[in-house]
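Asks: Go ahead and model the full structure; you've got the sequences and the hints to work with.
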Amino acid sequence: GAGVSQSPSNKVTEKGKDVELRCDPISGHTALYWYRQSLGQGLEFLIYFQGNSAPDKSGLPSDRFSAERTGGSVSTLTIQRTQQEDSAVYLCASANPPLLPGAKNIQYFGAGTRLSVL
Amino acid sequence: AQSVSQHNHHVILSEAASLELGCNYSYGGTVNLFWYVQYPGQHLQLLLKYFSGDPLVKGIKGFEAEFIKSKFSFNLRKPSVQWSDTAEYFCAVNANFGNEKLTFGTGTRLTIIP
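So the protein lines, in turn, are chains A and B. My numbering puts the first residue of the first sequence at 128, with every later residue one more than the last. My numbering puts the first residue of the second sequence at 71, with every later residue one more than the last.
Keep in mind the hints are simulated off the structure, nothing from the lab. Values in this document were obtained by computation on a predicted structure and should not be read as measured data. Backbone N, C-alpha and C fix where the C-beta goes; we use that ideal spot for every residue, glycine too. Treat the hints with caution; some may be incorrect.
[Claimed, not checked] Some chain A residues near chain B, calculated using beta-carbon distances under 10 Å:
(1) Gly169
(2) Ser185
(3) Ala238
[As the list claims (entries may be wrong)] Simulated restraints, written as ranges between beta carbons of each label pair:
(4) Gly111/B - Gln168/A: 16 to 26 Å
(5) Ile138/B - Asp145/A: 41 to 51 Å
(6) Gly143/A - Thr100/B: 37 to 47 Å
Replies: See below:
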């Protein structure tokens, strides 16, 4: 597709259950980011993948959160034993890598997955 | 660590009014600066960006922003707003190297009254 695709668009789950959120980046984009948008917290960085490099996991709020990126394309964010405070919109973004040293990139966002933990 | 402050949480204006949304950042190095917009029910879209050069940057839909390095500010402006500008506006910053994570402000909700 033309843009970043995320699924599902909405997810309702019960506290304690595991959930998986999917992101399909723009074709050819090697950089992929996950962010979380919650009331009162704004947009927070979670994790970043770039090609085959080790991901930057510095934004993951707890060890219940994990993400993987298979084949350098699709990414899955997994939240284990969900808690009510995990309720938020989870956004995925992708970007082209800079072609030259010092060049910049622009992140393009998907529509997000709205997660509600009851 | 980087941080971004947007002091206006909710702004209400009449059509044709002028707009200025504040954005201040905190970071010791060189940064890239962005404004993203989220229209109701839609995804985040890039409005404009500053990487280097002319500190006055122009974006889509008549928006512009000015980078004032001495004030660590990147305020968003539009001389005459329209009802269709009703949206949430986010200022963001990342470090000036490589593919870096964005640090966002908490956003400003803009409501335009017809």
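Asks: Next step is simple, just say for each hint if it's right about the structure.
Replies: Structure-based check of each hint:
1. A distance limit of 10 Å between C-beta atoms decides the matter here; for Gly169/A the minimum to chain B is near 4 Å, and the interface restraint holds.
2. Given the 10 Å rule on beta carbons, the hint for Ser185/A holds: about 8 Å separates it from the nearest Cβ of chain B.
3. Evaluation of the Ala238/A hint against chain B yields a held restraint, the C-beta minimum of about 4 Å falling below 10 Å.
4. Checked against the given bound of 16 to 26 Å, the beta carbons of Gly111/B and Gln168/A, roughly 21 Å apart, stay inside it.
5. At roughly 47 Å, the beta-carbon separation of Ile138/B and Asp145/A lies within the given 41 to 51 Å, and the hint holds.
6. In this structure the hint that Gly143/A and Thr100/B lie 37 to 47 Å apart at CB holds, the actual value being about 45 Å.
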